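> In the numbering used here, the protein residues as written are 466 to 819.
Treat the hints loosely; a few may be bogus.
Straight-line alpha carbon distances no greater than 20 Å define the calculated SDA-like cross-link-like pairs of lysine to any residue that follow [said to hold, decoys possible]:
| # | residue 1 | residue 2 |
| --- | --- | --- |
| 1 | Lys730 | Arg574 |
| 2 | Lys676 | Glu646 |
| 3 | Lys730 | Thr553 |
| 4 | Lys676 | Asp644 |
| 5 | Lys730 | Asp548 |
| 6 | Lys676 | Gln493 |
| 7 | Lys730 | Gly576 |
With beta-carbon atoms standing in for the labels, derived distance ranges [as the list claims (entries may be wrong)]:
| # | residue 1 | residue 2 | range |
| --- | --- | --- | --- |
| 8 | Gly626 | Asp545 | 18 to 24 Å |
| 9 | Arg800 | Pro634 | 40 to 46 Å |
| 10 | Leu799 | Pro601 | 23 to 29 Å |
For the record, the hints were derived by calculation from the structure and aren't laboratory data. It should be emphasised that the depicted structure is a prediction, and the values quoted were computed from it without experimental measurement. All residues carry an ideal CB built from backbone N, CA and C; glycine is no exception.
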Amino acid sequence: MTDDTSASSGSRIRYPHSTVPTPGVPGQIVAGVHWLRLPLPMSLGSINVWLLDDGPGTTLVDTGVCDDPTVGLWETLLADTLDGAPLTRVIATHLHPDHIGMAGWLARRAGCRLWMTRLEYLQCRMLASDGGRAAPEETLAFYRRAGWDAQTLEGYRNRFGRFSRMISPLPDSYRRIRDGECLNIGGHVWQVVVGAGHSPEHACLYDADRKLLISGDQVLPRISSNVSVQPSEPDADPLSDWLESLHKLRCGVPDDVLVLPSHNKPFHGLHARIEQLQADALDALQRLREGLDQPRRVIDLFALLFSSPVRSDDPSRFTLATGETLACLNHLVLRGEVSVSLDEQGVAWYRSVV
466 MTDDTSASSG SRIRYPHSTV PTPGVPGQIV AGVHWLRLPL PMSLGSINVW LLDDGPGTTL
526 VDTGVCDDPT VGLWETLLAD TLDGAPLTRV IATHLHPDHI GMAGWLARRA GCRLWMTRLE
586 YLQCRMLASD GGRAAPEETL AFYRRAGWDA QTLEGYRNRF GRFSRMISPL PDSYRRIRDG
646 ECLNIGGHVW QVVVGAGHSP EHACLYDADR KLLISGDQVL PRISSNVSVQ PSEPDADPLS
706 DWLESLHKLR CGVPDDVLVL PSHNKPFHGL HARIEQLQAD ALDALQRLRE GLDQPRRVID
766 LFALLFSSPV RSDDPSRFTL ATGETLACLN HLVLRGEVSV SLDEQGVAWY RSVV
């Protein structure tokens, strides 16, 4: 995820809330909808989760990462703020640890169910199962193809399975939610709007009556969603999925909603932001077309796509940049605009097709 707000979209995006809540202290958005910020041990700094009045209880949308500070905040919230309105369900927009991390812990603690889409639940279970095993050779070969050197690969090998250490174990059963399904939460109807690209079956929630959209990570006001190719599906085209999902949101959700994103502040200007994200993606593809006049590896292309240097001594960003660059390259390869060949070391070289 990179900060990509430009003047062309920034002037059309408005933030109605001048201040943000203190982490761990809910702030009201509208009656029955509260904004809760939780700290993150990463550059994003915090995640927004949402507390929705649900009759005598509370529905929670997203949960924060599973670490000691977040557990401590939830201990306090459950004992104090939510003591009279216990959790009735936990909804996860998608599988990433800052969203799903505390879901299992909270579901067990509150005695409620986890609600999420099927692909997100199953892929989360799959990634969690990597904990305690060695990095597969297929995964190492994936990053070797991108041009990673031996030292960077060894660092990845040592970090493998980190996902499982950032989440509490998921419940063994869950309640599936589907695209287009309408959820009654506290007498208000929230429609599930499923998208892809950032994750396989990401759920947004749209309340048409109150003009609210919980957008998760699909649409963010100041940063673009990470759209990456994963080692488990090296030939995927997640960029197409994400662009199609943005188009679906643009057509299906009106512009006058208040967008409740997972990062940064709630904002007005959904359509302007979608248009800017679409334009930025197309611009990135064009920069690659022009930069591939000679064969290049994935890691050679970071400077074309990212405004600040991407270094292997920042392994999280290096990994994300690799996945994002591959998403653009796969998109062009599948359209016959770029060719790819492997050298004797198994490194992929990309070049524009003249």
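> Are the hints correct? Go through all of them and say.
Each hint tested on the structure:
{"no.": "1", "hint": "Lys730 <-> Arg574", "result": "violated, 29 Å"}
{"no.": "2", "hint": "Lys676 <-> Glu646", "result": "holds, 17 Å"}
{"no.": "3", "hint": "Lys730 <-> Thr553", "result": "violated, 26 Å"}
{"no.": "4", "hint": "Lys676 <-> Asp644", "result": "holds, 19 Å"}
{"no.": "5", "hint": "Lys730 <-> Asp548", "result": "violated, 27 Å"}
{"no.": "6", "hint": "Lys676 <-> Gln493", "result": "holds, 15 Å"}
{"no.": "7", "hint": "Lys730 <-> Gly576", "result": "violated, 31 Å"}
{"no.": "8", "hint": "Gly626 <-> Asp545: 18 to 24 Å", "result": "violated, 35 Å"}
{"no.": "9", "hint": "Arg800 <-> Pro634: 40 to 46 Å", "result": "holds, 41 Å"}
{"no.": "10", "hint": "Leu799 <-> Pro601: 23 to 29 Å", "result": "holds, 25 Å"}
Comparing the model with each numbered hint stated earlier shows that hints 1, 3, 5, 7, 8 do not hold.
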